[in-house]
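Novice: Residue-level listing of the chains:
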Amino acid sequence: MSTQATQTRPGPSGASRLGALLRLRELPVTVALVALVIVTAAVNPLFLSPQGMKDLMLNATIMMLLAAGQTMVIVTRNIDLSVGSILGLVAFGTGSIFAAVPTMPIWLVLLVGVGFGALLGSLNGLLTVWAKVPSLVITLGTLYVFRGVNNGWAGPRQFFAGDRPEAFGNLSVDTLLGVPIITVLALAVVIVLAVYLAGARSGRDLYAIGSDPEAARLFGINTSTRVFTAFLVNGALAGLAGVLYASRFNAVGATTGSGLELDVVAAAVVGGVAIFGGSGTVIGAAIGAILLNTITSSLTALRVDKFWQQAIVGVLIITAILIDRLASLRHAKHLREREGRNV
Amino acid sequence: MSEHATVAVDTTAPLADVVPVRGPRWYAGRDATMVYILLAFLAYAALSIPRFASPVTTGFLLLDVVPTLLIAMPMTLIIVTGEIDLSVASIAGLSSAVLGVAWASGTGIWVSIFLALGAGLLAGIFNGVLVAYVGLPSLAVTIGTLALFRGLALVVIGDNAVANFPNEITALASAKLGTSGIPLVILPVVFVVLVFGLVLHHTAFGRGLYAMGYSKDAAHFVGINVGNSKFWLYVASGLVSAAAGVFWTLRYTSARSDNASGLELTVIAAVLLGGVSIFGGKGSIPGVLAGVLLIGSLNYALRLGRVSDVVLVTVTGLLLIASVIAPSVSAAVGRWRHSQRLRRHLARDQGAEPG
Amino acid sequence: MSIPRTTHTKRVGALTATLAAAALALSACAGGGTTPAGSEGASGSAKTDATITFIPKQLNNPYTDVVLGGGKTAATAAGFATANVVGPLEASASSQVTFINAETQAGTNAIVIAANDPDAVCSALDEARTAGAKIVAFDSDTNPECRDVFISQVVAKDVALIQTKLISEQIGGAGEIAILSATANATNQNEWIKFMEEELKSNPDYKDIKLVAKVYGDDDDAKSFQEAQGLMQAHPNLKGIISPTTVGIAATARYLSTSQYKGKVALTGLGLPNEMRSFVKDGTVSEFALWDPAQLGEVAAYAAKALVDGTITGAVGDKFTAGDLGERTIEDGGIVIVGPPTVFNKDNIDDYDF
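Sequence lines, in order, name chains A, B and C. Going by my numbering, the letters in the first sequence line up with residues 1 to 343, in that order. Going by my numbering, the letters in the second sequence line up with residues 1001 to 1355, in that order. Going by my numbering, the letters in the third sequence line up with residues 2001 to 2354, in that order.
Just to be clear, a hint being listed does not mean it is correct.
[Said to hold, decoys possible] Derived pair list, reagent style PhoX-like, types lysine-lysine, alpha-carbon separation capped at 25 Å: (1) C:Lys2239 / A:Lys306; (2) A:Lys306 / C:Lys2210; (3) B:Lys1216 / A:Lys333; (4) A:Lys54 / C:Lys2262; (5) C:Lys2239 / C:Lys2207; (6) C:Lys2262 / C:Lys2239; (7) A:Lys54 / C:Lys2072; (8) C:Lys2223 / A:Lys306; (9) C:Lys2210 / C:Lys2165; (10) A:Lys306 / C:Lys2165; (11) A:Lys132 / B:Lys1216.
None of these hints come from the bench; they were simulated from the model.
Given the sequences, and given the hints that come with them, work out the whole structure.
Specialist: In structure tokens, the structure reads:
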């Protein structure tokens, strides 16, 4: 599956073939999302009212950022389970900053949050790369450590929406062409990341590392730096998500964001990101995040018994992996046939 | 290893006197280290924490670790083969829900327990088929079934809690063996531990699991049926997780859909702490036993000392990181010392020649 | 892939060693075990070395923090030598059991608990009582057989009635309403909801009010927020929401205040003035209710002391003095009532700080 090997020079035909493949990966989740929205809207027109649309977008925003960041890490055949804890720490940090300095400019808070997240993410990256141990274990460890620090730091304290400047809270109320500001921000980040992963040399390297770490190293890719960067960017995105969380929700405290990690990985998997690296796009993951959030909303809007919600999400994840498996089998067969002709 | 080959000096002979003399391997391995850490901690806790050294502790502590200990057994075998099962806690929740609903609808208690175990068995078969025969990545599959089985638990029992289990059964779940403070339920648990220990360490099947962890293809070529082995591991995992769910329900006399939620991460943390490599191919039941007991007694000691859970959460995380980094650190230190020694020897040899 | 044969003996050795060592370390010192607290308890006279431990539903919850603040202060005033607070970080059914066990072993004289699940804590509490501890339930009751007394914030029916009255006033006595509660198993919330439903059915004043949904936010901010949002979408004609939990009402208020429903959909329930202040001032919420949480902790502490001293046994009709709050009587079902709820609105909310 080494994309580097099959395309030495991405000529026009190579690019279009690659494009077709990427579309294929994202196609099922997109179809599912569209079908879900149409069915729900047909039954409950309120679902697509301006307020309904706004709620849908706001719900998906935070998960979208986390899933996009997670994709960076997963394509390198790693995983970051600590994102929920990072989000919690940054969200509480945001609350603390505004409590201490209410006049702090919002852009500065965003910057501090992203920086704080990047710092925590780089810790994951450093431990994974330097100690050469599986990131699943390292980030399971930091999941606990970051959460512990958050609990120790926050204690019983919580910060509420009323403690933060109104302009900050309005980021998740005001809209730009009908799209909430924080969603615009998140979309911009996701698109930048998508372009980087698909276009930039160092972005393509991440896929090469995920497909075959040894081959990537032999190919001359500095795998340590690349993997470290992926963790750092993921941390930064979780940091951004933390700040936006504080803008949207009422309370930030010791338990903010706990248990998010598996939802994030699930969103990426549903969006067609292969869990063992090498393939998948941030756009797919973002759509996966939107789909999972939309399911929750549409089941409520359809007044389906909420007990079914989680089971349906589970079925969806398994379906997504099955489709992915079928697609890659077909792709492998295709490649074999072509090779057969060439010989 | 390659370092030895590249140096054109015979390093083995002159170094022999410097290398520390190693004893028999069984008390120097990774799992033995865990046992030492556990013993050191128990000794420390017994001396410094008032009331820790008492039969009451034995009882409460062992009851607390039973679910983790049970599920850690199949989990060890699964991780040794290089796979993982994240759905265990959800299976326990599902079995709890089935037990509760069956009992509430008038089914006999033993039949209800049987049904709960059956639900776990089916859940395990589902995981096993997808991982072993369809060939899907276990991490992704079990994230899916983590949501699915917990969701089914909700569908089965909803928001209700069933609590009116017969007293003689719930009393059995926390009964003690005479005055020793050791819970009765430990007997079947020890049996389970022994079975899994024997299977992993004393059968061809167990050796096959290590082989699969090292290299799936190699295992296949030497005649191990990779698919079947994995399938049975997931079935065992489903059944044991369901048993843990039944115990959980009876001990807390409450069947709810959210029972044991989040337990999967605790189990995996304990297993990895016990020296099992997440890449597969490495690990042992005694090490895992020590890992589970270490987390359990640490937990209980902190409770007894009224130390906040915050510390526990942080310490668990640090221990986990330390346990995987330690080999890397010691390897790095080893390499550094080796090269230092080598340099010294080379310098001595070169210094000796002209003189 | 070959596994050296020697490892088998090594592993059996280590396995036996682990089991034996753990058993030895724990049981060998058993001779020096401790005496349970109860055996030394003399009844009738005030104990001066008594200890009390509060076990809330979960730590790091602002409401709980106010309750415990009152409780700890009163515990010292009542004459407890030491007062501790322990508890889980997450409010799950079984998470409180190990804390009860540890307190049993520590020989604590009084355990004051807000149960996450009325049955899950029972067997552990029974063991604590056997060892001599007195059990006071507060905030959320356990099974009545497992505790000595239950300190209730308010008369359950009163707190239900005041919420139905507030919502009826706010929506003009007619329209669809919904309830956003904590967890589906919360004993206290469920009792209030039951009284609310009965009242809506039986009181002719409320005949035009229709309860269309009950949802649960699990006392989690983000979950309650999304449940509120779902309610609005599923029930377009919704006129009002009752949220009888402090986390739920604050999250719902946050959602309403950031949506087009602000000022159009009424919201009332039980909330903390400090959390609700900004929503009352911006018009999202006009009136809500609560008791003084600190008093709940105070009465619980005094009741615990009276039980430990043996001046009360938990029988109906027993009386004890709760410090400055005056005399309290144990009523039917072993329940002690703290006091009437207070209604907060923009005129009086600044007078309260909790």
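Novice: Against each hint, give a clear statement of whether it holds in the structure.
Specialist: Verification of the supplied hints:
1. C:Lys2239 / A:Lys306: With a Cα-Cα distance of about 22 Å, the restraint between Lys2239 of chain C and Lys306 of chain A holds, given a limit of 25 Å.
2. A:Lys306 / C:Lys2210: It holds: about 21 Å lies between the C-alpha atoms, which stays within 25 Å.
3. B:Lys1216 / A:Lys333: holds, 22 Å
4. A:Lys54 / C:Lys2262: Given pair Lys54 of chain A, Lys2262 of chain C holds - Cα atoms ~15 Å apart, limit 25 Å.
5. C:Lys2239 / C:Lys2207: Answer holds: Lys2239 of chain C to Lys2207 of chain C is near 15 Å, not above 25 Å.
6. C:Lys2262 / C:Lys2239: Roughly 11 Å between the alpha carbons, so the hint for Lys2262 of chain C and Lys2239 of chain C holds.
7. A:Lys54 / C:Lys2072: violated, 46 Å
8. C:Lys2223 / A:Lys306: holds, 13 Å
9. C:Lys2210 / C:Lys2165: Judged against 25 Å, a Cα distance of about 14 Å means the pair holds.
10. A:Lys306 / C:Lys2165: violated, 29 Å
11. A:Lys132 / B:Lys1216: Given that 25 Å is the threshold and the Cα spacing comes to 22 Å, the pair holds.
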